[in-house]
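These protein sequence lines are chains A and B, in that order.
Using the numbering used here, read the first sequence as starting at 44 and increasing by one per residue.
Using the numbering used here, read the second sequence as starting at 44 and increasing by one per residue.
A hint or two may mislead.
Said to hold, decoys possible - Just so you have them, the derived chain B footprint on chain A, three or more residues with Cβ under 8 Å: (1) 239 to 251; (2) 260 to 273; (3) 297 to 303.
Read the hints as simulated data drawn from the structure, not as lab findings.
As the structure is a prediction and not an experimental result, all values here were calculated from the model.
C-beta: ideal position from N, C-alpha, C; glycine also.
Protein chains: 2
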Amino acid sequence: MIIDSHAHVMLPPERHIELMAEAHIDQTILFTTMVHPETTKGLKELETELNQLYEILNGVRDPLRERIHALEELAQIVGANPDKYIGFGSIPFGLSYKENLGWIEKYVVGNGFRGIGELTPGTGQVPQMDALFRAVQEVGSLPLWVHTFFPLKLEDIKALLDLARQYPTVPVIIGHLGGIHWLDTLQAAKEIPNVYLDLSATFTTLAPSLAIRELPERTLFSSDAPYASPLIAKMILEHLTTDNYVLEQVLGGNIAKLLQLAG
Amino acid sequence: MIIDSHAHVMLPPERHIELMAEAHIDQTILFTTMVHPETTKGLKELETELNQLYEILNGVRDPLRERIHALEELAQIVGANPDKYIGFGSIPFGLSYKENLGWIEKYVVGNGFRGIGELTPGTGQVPQMDALFRAVQEVGSLPLWVHTFFPLKLEDIKALLDLARQYPTVPVIIGHLGGIHWLDTLQAAKEIPNVYLDLSATFTTLAPSLAIRELPERTLFSSDAPYASPLIAKMILEHLTTDNYVLEQVLGGNIAKLLQLAG
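Given these sequences and hints, build the entire structure.
Rendered as structure tokens:
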């Protein structure tokens with residue numbers, strides 16, 4: 044079973060199913076989106092769309108109505124293809140413990156989603172996630188997926204790993220493997236059993252290559268589509284790993300085990 | 044003719060030839076190195092090696108004796124395989140106009156190298172490259188290859204593009220396509236005919252995909268080996284481009300034309 048463990052809603056939805064078929068991907072863990080770079084025409088439109096994305100990644104923008112709309116859109120797309128998709132529900136940043144519990148109940152568990160994310164704390168904001176970790180610990184069994192590429196700094200990633208240490212029953216998926224801080228992240232992750240490494244946004248093949256070697260049971264294939272092609276993301280890992288058993292785990296087995304999916 | 048337009052000396056040298064054969068790469072533009080991540084064993088050794096690399100990239104470290112040794116090593120490896128390799132010679136940062144001319148004469152032209160780089164200005168240091176641009180304009184026909192991923196900022200890349208505008212006869216290769224600033228870099232590059240975009244270190248396939256579409260005659264395939272696998276770097280471009288003519292130019296034609304290589 045090949046599972047793309049992180050991709051965003053793309054338009055039109057049929058196109059995503061085509062991309063999965065082309066890459067021989069059985070299932071995709073689907074995340075909401077508030078921007079659609081894949082539908083833009085020309086550089087100018089793309090720039091407008093990506094600027095909105097960067098405002099979200101920088102914690103400048105967190106529009107509630109658009110977030111709820113994106114969750115409804117996700118629930119609809121997952122519901123239309125329950126064999127192809129598993130949903131992860133997004134959550135506003137900086138809620139209190141009770142607000143987090145309420146949101147998770149209504150928008151995550153209520154929609155049958157299996158995890159929470161993509162979380163995009165701005166730099167310096169990670170400690171505010173303590174209330175969310177407490178709520179997730181209370182609910183149980185929902186992995187948290189956190190973006191750790193630009194604009195996050197090493198201090199932010201360290202703060203996130205500290206939270207993972209404090210809440211050992213909360214699985215934390217480190218999105219994009221720590222970005223430019225992949226080696227520090229990998230070294231720290233070895234000592235924190237509830238930390239998983241997402242292998243998308245690879246700018247050097249040294250990073251996924253070493254991550255898989257060091258943590259074959261906690262590294263997760265993902266495309267981060269539409270930001271990368273599912274076919275190419277999968278091919279990269281197929282060319283990095285010669286051990287077929289390990290490759291199977293990274294391409295699907297590890298995330299299936301984490302989410303307790305039926306085999 | 045498939046040409047990997049940017050890779051570093053790897054040890055043992057035979058391994059590089061094997062990687063080229065595996066990827067069906069005919070020639071590689073080879074650059075010096077002062078670090079060898081490919082020979083490390085384990086995460087700790089790799090960390091030591093990469094920390095040295097980051098000190099060089101941050102402009103903290105610029106050891107003259109090691110640089111000269113690396114140039115001699117490069118000349119030796121290129122000389123041993125003149126059909127496989129073309130050399131680009133590195134240069135210390137911040138030399139005067141006359142010192143630049145002297146260095147280029149002795150270590151670049153003197154070794155039969157065909158370009159200059161990899162230049163790694165620290166953030167804020169790009170304007171110091173004016174004397175180098177003047178010297179290269181004087182010598183003629185030597186492209187400058189500049190690293191523009193982390194730790195360079197958008198202001199640094201803008202300063203570099205300003206220099207490219209001021210010296211229109213100096214070809215400037217923007218290494219790694221501007222990194223996280225790839226879209227701004229691409230938009231600016233469209234208006235500066237002497238700017239070329241290196242397609243290595245791709246963390247999102249949107250970047251090379253759009254770069255090739257917008258600048259099919261000024262985008263250059265490269266692996267940046269040992270930081271990425273030549274086979275994977277080539278495969279990524281093959282999967283992004285459906286136009287065979289464009290693909291041929293990007294995979295070798297464009298750099299061959301820039302360096303006036305015999306067909």
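Status of each hint after checking the structure:
no.	hint	in the structure
1	239 to 251	holds (count 6)
2	260 to 273	holds (count 5)
3	297 to 303	violated (count 0)
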